[in-house]
Amino acid sequence: MIIFPAIDLKDGHCVRLVQGRSDQKTVYSAQPEEVAKRFVEDGAAWLHVVDLDGAFTGSTQNLKSIEKIAQAVKIPFQVGGGLRSREQVKRILGVGAARVIIGTKAVSNPVFIEELLGEFGPEKIVLGIDAREGLVAVEGWVSTAPVSAEDFGVQMRNCGITTAVFTDISRDGLLAGPNIAATKNMALKTGLKIIASGGVSSLANIKELLALEEIGVAGIIIGKALYDGKLRLADVLAEVGLSR
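Last residue of the sequence shown: 243 in numbering that gives the first Met the number 0, with the numbers rising by one and none dropped.
Here are the computed lysine-lysine pairs in the BS3-like style, where the Cα-Cα straight-line distance is at most 30 Å:
{"no.": "1", "residue 1": "K123", "residue 2": "K36"}
{"no.": "2", "residue 1": "K63", "residue 2": "K89"}
{"no.": "3", "residue 1": "K24", "residue 2": "K206"}
{"no.": "4", "residue 1": "K192", "residue 2": "K229"}
{"no.": "5", "residue 1": "K89", "residue 2": "K123"}
{"no.": "6", "residue 1": "K63", "residue 2": "K123"}
Calculated from the structure, these hints are not laboratory results. Predicted model only: the values in this text are computed from it and were never measured.
Given only the sequences and the hints, what does the whole structure look like? Please build it.
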């Protein structure tokens, strides 16, 4: 099980939103690279980085911050948010990201995913499945596509995707606990390696998700709980047997 501390970027700052709403923003740092370094010092083996401005606008907006993170840490990190062209994907991988997360563009143009997989391989391309009431949310979670999250996952697996970040938007940023049932169903029905995101706020939540590892839940993204002190990264890593 991989634990991914989350770094969400907006206007060059490290922030957290509530359910993806830009009007409910808390700024935690003006230097995201320093946040990244602290996570590494606490034992992180991976980071999850999201360009929120990119998600809303459809093109990379926080490239400088992503570059600084790449220069500040030696561990791999994945980047999502607004990556809707081959050029943007190549740019993010070029500055040091280990892999990228594609969501909106995969919904509107599945061939785009096939092309990326052909060029970069499945180890570099991760699917982003953001769900609202069972349907796929797109455009920075502003709108919803008429396709179920599970069907979308199956479709993308058939294209060659092997790993997906699954976020239940209703839980994101609320510290209300993850949607265990939906996460379990996503893993079972799609056959993808699932990285669970949204609502993780306690060691009990970690234990619940850890129990799903045998069916394909391979990672957990933690955001607000780390920033607000509800969880300590060292405690989480100890829980999953990854402490130093």
